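A.B. asks: Sequence:
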Amino acid sequence: MSASIRQYLVITGNYWAFTLTDGALRMLVVLHFHQLGYSPLEIALLFIFYEFFGVVTNLVGGYLGARIGLNRTMNLGLFLQILALAMLAVPVAMLTVPWVMAAQAMSGIAKDLNKMSAKSGVKLLLPDGEQDRLYKWVAILTGSKNTLKGVGFFLGGVLLMAAGFTGAVIIMAVALGLVWLASLFLLKQELGKSKAKPKFSEILSKSRAINVLSAARMFLFGARDVWFVVALPVYLHTVFGWDFWKVGGFMATWVIGYGFIQTIAPRITGNMDSKGPAVLWAAVLALVPAAIAVGLMAGWSPRYVVVGGLLLFGVLFAINSSLHSYLIIRYARGDGVSLDVGFYYMSNAAGRLLGTILSGWVYQVYGLEACLWISAGLVATAALLSLLLPQRHEAAA
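Using this note's numbering, the letters of the sequence shown map in sequence onto residues 22 to 418.
Hints may be right or wrong, so weigh each one.
[As the list claims (entries may be wrong)] Ranges between beta-carbon positions, derived for each pair:
id	residue 1	residue 2	range
1	301	182	30 to 36 Å
2	184	118	19 to 25 Å
3	60	321	24 to 30 Å
Source of the hints: derived by calculation from the structure; they are not laboratory data. Note that the coordinates shown come from a computational prediction; the quantities given were computed from them, not determined experimentally. Here a beta-carbon is modelled for each residue, glycine too, at the ideal position from N, C-alpha and C.
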């Protein structure tokens, strides 16, 4: 086994372990605090710091990765997630809104340090000329991560029922601690450390292609989270009458399928030598939430409309997400790759922050249909922005 493949496996293993706890924690918080009587908007507010600090972390984390190495930023992300889980392993009476928001802030920092490090590290393991292989490696990393996130949703629902909230976070903290110790010894030193020490002023991208792609990514992920983060789990529980096991299991299945589609996206999209696929797939995706909203407003069976529409949305969203994940690695510079990737995922986090806030507020005030119409508008905006991408994909200088 070559050294690059060994490092790829270590990075992927780290990413998988982290993602399991991240997905499980998200489901634990949503279901546990809904059970305690929190409104959808109040639940959304618990995640504001998670998403906000994700924005900050991606911006600064790319700079740190270039300065100190991606191995250190990845291990730091794992350690901070352990601390975030430990913060939640307190008596239920101490789980106040400010305390949970602080723990979620730390988890948000941890998640985006880990993601930025993993995505940036992959580019450094392959020569510049192997772009087809790069697309496949990125697709596998991203798709498998989301599959594991789906398993994490299911795991969160199971642990909540089997061990309670406190027991669940303790179990996850111990397991992730073992992964962190292994990573300290196995991950290559100085991975991604820039030869020329970047200045802090360089954290903002000067590449037009990366700026356009980052803007499209922000609207794309805002479109997903505006109805997926808070509105959908609460809707399934209150309107369909599903228990926590079923809600967690359904959303887990959705994310697992979504992750699988991401891994095979290169086979579906084919040649990525022009901006056409990014525009086309985003335009098609925009039709799905609009169609679901029309079906609900027309009085069709919510179970068929929402469940069927969600499955189709997952397939198309997975393809769009995988395309974006490849393009940012393709556009990014080889030396100091984490600066470009960090800036891009800052936009990703900003989209999640926008979607999370809207998901709780819009659903509470206007209902699921309004969330879906906003989702359609955000995806359409991403499609329009994709028209501004370079006609031919050339790596940033």
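A.B. asks: Now tell me if each hint is right for this structure.
C.D. replies: How the hints compare with the structure:
1. 301 - 182: 30 to 36 Å: 43 Å, violated
2. 184 - 118: 19 to 25 Å: 23 Å, holds
3. 60 - 321: 24 to 30 Å: Holds, since residue 60 and residue 321 (Cβ atoms, about 28 Å apart) stay within the stated range.
Figure legend: structure checked against the earlier numbered hints; the only hint not met is number 1.
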